[in-house]
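Kindly produce the complete structure, drawing on both the sequences and the hints.
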Amino acid sequence: MTAAAPRATGRVLRLFLPLALYLVFTVVPFYWMLLFALRPAGSTSLLPWPLTFEHFDTVWNGMGFRVYFQNSVWIALLTLVFVTFFALMGGYALARFKFRGQRAFLLALLCTQFVPGAMMLIPLFNIFQTFDLINSRWSLIIAETTFQLPLAMILMSGFVRNVPVELEESAMMDGCGRIRAFLAVVLPLLRPGIVAVGSFAFIGSWNNFLFALMFLNDPELQTVPVGLQTTIGENTVDFGALAAGGVVAAVPVVLVFAFVQKYLVQGMSTGAVKG
Amino acid sequence: MALAAPPPARGHGLRRALAPYALISPTLLLLATFLLFPVGSVLYYALQHHVVNEPYDDAFVGLANFRQMFGDEQFWSSLAFSAKWVFAEVMLQLLLGLALALIVNETFVGRAVARALVFSPWAVSGVLTTSIWMLLYNPATGVFHYLAELGVGNAGTSVLGNPDTVFSAAVVAELWRGVPFFAILILADLQSVPKELYEAASMDGAGRVRTFLHVTLPHLRDAIVLATLLRSVWEFNNVDLLYTLTNGGPAGATTSLPLYVAQLARKSYDFGYGSALTTAAFVILLFCSVLYLRLSKFGREK
Amino acid sequence: MSRTLRTTAAALAALGLLTACGSSGSSSDSGGKTTITFWDNNAGPARTPLYQKLIADFEKANPTITVKYVGVTSAEVAEKYNTAIASNSTPDVGGVTTALLASLTAQKALDPLDERYAKSALNGKIAANFLEISKSASGGKGLFQLPSSGNQDVIWYRADKFKEAGLSAPKTWDELFAAAAKLTDKGKNQYGFTIRGGAGSGFQVLSEAYAYSGLTTMFDAAGKSTVDDPKNVALIEKIAAQYKATTPEADVSNAYPQMLAQFQANQVMMVHHNLGSTRDVKTALGDKVAGFLLPAGPDGTSVLANPVDGFSLFKNSKHKDAAWKFVEFLDSHEANSYWNQNVGQIPANTEAYADEWYTTSGITKQAGDSLNSPTTKLVQPPVYLPQYSKITKTDAEPNFQKVLLGKTSAADFAKSVADAFTKAQADYQAKNK
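Residue numbers (this note's numbering), protein chains in the order written: chain A, 1 to 275; chain B, 1 to 302; chain C, 1 to 433.
To be clear, the hints were calculated from the coordinates, so they are not data collected in a lab. Note that the Cβ used here is the ideal one computed from N, Cα and C, for glycine as well. Honestly, I wouldn't trust all of these hints.
From chain C, some residues computed to sit far from chain A (all C-beta separations above 10 Å) [as the list claims (entries may be wrong)]:
1. P63
2. G71
3. R116
4. A181
5. T217
6. V289
7. T359
8. P374
Only pairs whose alpha carbons sit at most 30 Å apart, straight line, appear in this in silico DSBU-like list of lysine-lysine [said to hold, decoys possible]:
9. C:K68 - B:K267
10. C:K407 - B:K84
11. C:K238 - B:K267
12. B:K267 - C:K141
13. C:K33 - B:K267
14. B:K195 - B:K297
15. C:K135 - B:K267
16. C:K244 - B:K84
17. B:K297 - C:K423
18. C:K33 - C:K325
19. B:K84 - C:K393
20. C:K244 - B:K267
21. B:K195 - A:K98
22. C:K433 - B:K267
23. B:K267 - C:K407
24. B:K267 - C:K393
25. C:K231 - B:K267
26. C:K108 - B:K267
Right, here's the structure in full:
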């Protein structure tokens with residue numbers, strides 16, 4: 001017995017055991033969904049064997065998920081672009097300027113978090129109707145951008161504040177304008193912030209159900225979450241299709257997230273949030 | 001929220017003064033059109049009798065909707081449920097998130113994969129969370145059937161159908177999705193704890209627990225306050241999960257205030273009263289948030 | 001500054017794009033072609049393809065009309081219509097069940113169809129009882145929906161397991177409960193019956209109660225609701241006594257899809273639903289499943305009229321003639337027969353009653369004969385009341401769960417529903433004198 005043994009045991013108890021338990025908690029639900037998506041209807045095997053892709057064929061080709069998927073990607077990407085762009089502008093203003101009404105503006109941004117999106121449906125619908133945007137993907141992009149922008153901007157201002165102001169000043173001393181100084185010096189350092197804010201926007205927009213349901217009618221415009229709902233009819237529920245649709249809905253965001261989470265961890269310190 | 005660092009001293013007076021407004025103008029425009037106006041119309045309807053399929057009865061009723069609210073047993077019970085739900089969710093998410101962050105903050109082989117895995121449910125929507133957990137909980141498709149074969153419990157168990165277990169069952173499903181948010185925020189902050197503080201603590205001979213209590217936790221305070229606040233508001237307002245998982249049942253055991261409002265609007269078509277309840281919820285949230293920030297001394301120097 | 005300008009210009013261009021990309025309203029004309037929008041009120045994997053085929057047939061026969069199909073699931077359809085009405089963006093034509101009809105006519109969203117129907121080739125071919133149900137549902141002020149499909153409550157049962165146990169399809173409720181007890185084996189996680197405790201429970205338990213009591217009207221002569229009649233209460237008590245005795249624990253929160261899942265997983269031997277699920281149970285279980293109509297009580301039986309499905313024209317439509325043509329097509333012998341055959345419901349077009357699939361359909365024909373028979377005691381639920389959905393869903397559903405859980409008595413439950421109906425009926429009659 002070496003002295004390292006009890007320490008190793010301690011590490012297993014303190015670290016790996018709880019981690020393993022938590023991993024089970026995280027992974028079993030995902031596995032359950034995959035199981036139903038990949039095994040034939042009626043099978044009760046705990047392994048997806050025999051393997052079948054018929055449920056994916058059902059949702060992807062039969063139920064229009066191919067189109068829904070493309071729509072969701074476009075809507076989420078455009079939301080990402082708008083949110084990130086406006087959040088950069090506003091976040092920079094909040095971090096680098098002192099202006100009259102700043103506190104009120106910040107307070108307003110925070111208050112938006114108290115607004116429940118579900119009750120906004122009817123008035124929002126009327127507004128989009130006025131602009132002739134019902135049944136257009138833009139209604140979704142605008143609504144999503146509006147609801148996500150406040151928090152994105154607050155986050156972004158924190159990221160900007162973390163970039164030492166002296167860097168920018170010295171660039172400006174060298175004769176750059178403010179905008180060039182921003183593009184050359186600040187923007188590259190904001191990469192974790194942009195990734196964080198952008199991925200929040202993408203995921204939020206990808207997951208939205210109520211707005212898509214209410215603002216879009218045309219099946220050619222619909223998104224994945226609404227498609228998912230149609231796998232549960234009034235009289236039927238096709239568990240295989242439901243699970244396969246769930247996999248289609250989960251894969252992009254989970255992948256995006258697995259890729260960007262390290263940036264989130266880098267950038268989302270409270271320093272970033274509270275300035 | 002602490003305010004701006006001093007701006008760099010350069011640029012012309014007027015342009016400098018206008019620049020921030022120009023930069024926030026798109027946001028202001030969006031918020032005013034697509035948020036302020038809808039909020040205003042909710043306030044307007046809160047003072048109206050407005051049931052969609054009884055249009056002939058529409059009328060201005062002043063504060064009658066609010067008076068009805070005070071006598072509405074379901075309002076109070078759903079508000080109480082919301083409080084219980086928010087408290088349970090946020091406390092558990094915080095504790096588990098903190099533990100999880102401390103674990104994945106250690107160095108070990110496979111850490112990157114472990115992080116990606118345990119954080120991933122955060123990206124899943126409420127509606128999809130329901131689909132997944134419905135599969136797990138349903139007696140015909142779920143895990144209990146398999147557990148019963150192993151001799152654990154009863155195959156016919158329905159955690160969502162039993163008023164004694166439905167709360168825990170819904171809480172667990174929401175935890176699955178909610179813990180990663182805390183874990184990420186806290187992990188981010190853990191990494192910014194200055195190394196010198198730990199070194200100093202270890203010089204003083206402080207053990208693991210004392211270091212955690214005296215160094216780590218104080219450093220995390222603001223992150224925890226902010227995360228719990230935002231999460232409380234979101235958990236309060238979120239209807240997706242409960243609406244689709246339990247629909248507020250059985251027997252109203254899981255009806256939160258926003259869920260009650262959603263049912264009023266979608267099944268009873270009562271928008272006037274629904275708007276009044278929304279307004280009340282907004283005021284309650286605002287009040288609690290301010291109180292919480294005051295009490296927690298958020299942002300003050302330690 | 002030039003960069004700022006360029007950025008602003010880019011942002012403005014993006015905004016310009018927004019308006020350019022906005023696609024427009026419900027219908028349009030181009031090159032002599034008319035496009036009408038049709039909302040399916042019960043879209044899903046099984047029904048959507050049926051409409052897609054019928055639309056293709058219709059467009060072939062009417063090359064100047066294009067039909068745009070919009071599928072809405074039944075759970076969302078009320079909200080979708082209400083929102084559309086509030087903002088003048090209703091479709092030209094849509095599927096509407098009698099359960100939703102009054103709500104839409106109250107908002108003055110629909111066009112009356114009496115004249116169109118009188119002049120139509122379909123006149124006289126649509127089942128009289130269906131038209132009656134439809135007119136009653138909109139408050140008796142005319143025809144606002146052309147019925148297309150009738151429905152009736154049925155109980156699906158595992159014919160194979162019944163045979164094994166030496167049982168036959170029950171004719172009375174007491175026989176049903178006895179069979180349920182005999183088929184229950186909790187050790188094997190097998191239950192004789194299942195109760196709908198989740199969404200949709202209100203209507204279901206009422207239809208069971210009236211089938212048992214045989215009462216023929218929802219209101220007595222004094223305008224008082226009959227829901228809390230002792231005979232109705234007796235049946236609700238009997239049903240509640242089945243909970244967890246011959247039915248699974250999950251019942252209390254199960255809506256039909258979950259009940260069906262348990263039925264298909266061999267965990268439940270009888271499940272009460274309606275003809276709407278014919279196709280689903282047959283595909284899942286084939287010959288192992290059969291259906292019977294709701295059994296009778298000691299004093300005979302009544303039938304609580306199920307919602308009748310049909311099509312309505314919306315007032316704001318600019319293409320009502322084209323839309324009506326489409327409705328006429330959908331209700332024509334061939335199309336109506338095709339749709340109902342595939343769904344397993346009762347055609348509204350009486351010409352379809354001679355079709356082979358119908359005469360050999362077993363339970364569908366049995367239900368259709370019962371619905372169309374003058375001796376059947378048909379009870380009309382007061383769907384014309386604006387509070388109908390609130391009373392039977394928002395209020396009754398959680399309350400019925402309390403009955404199952406033993407937190408309130410069947411009598412108190414029935415009384416609360418009855419009182420709400422009585423009051424709503426009084427209000428309604430005061431307004432419509």
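Hints, one by one, checked against the model:
no. : hint            : result
1   : P63             : holds (22 Å)
2   : G71             : violated (6 Å)
3   : R116            : holds (25 Å)
4   : A181            : holds (27 Å)
5   : T217            : holds (28 Å)
6   : V289            : holds (14 Å)
7   : T359            : holds (24 Å)
8   : P374            : holds (30 Å)
9   : C:K68 - B:K267  : holds (28 Å)
10  : C:K407 - B:K84  : holds (22 Å)
11  : C:K238 - B:K267 : holds (28 Å)
12  : B:K267 - C:K141 : holds (24 Å)
13  : C:K33 - B:K267  : violated (39 Å)
14  : B:K195 - B:K297 : holds (25 Å)
15  : C:K135 - B:K267 : holds (23 Å)
16  : C:K244 - B:K84  : holds (29 Å)
17  : B:K297 - C:K423 : violated (54 Å)
18  : C:K33 - C:K325  : holds (14 Å)
19  : B:K84 - C:K393  : holds (25 Å)
20  : C:K244 - B:K267 : holds (29 Å)
21  : B:K195 - A:K98  : violated (33 Å)
22  : C:K433 - B:K267 : holds (27 Å)
23  : B:K267 - C:K407 : holds (24 Å)
24  : B:K267 - C:K393 : holds (7 Å)
25  : C:K231 - B:K267 : holds (29 Å)
26  : C:K108 - B:K267 : holds (19 Å)
Checked against the numbered hints given earlier, this structure breaks hints 2, 13, 17 and 21; the rest are met.
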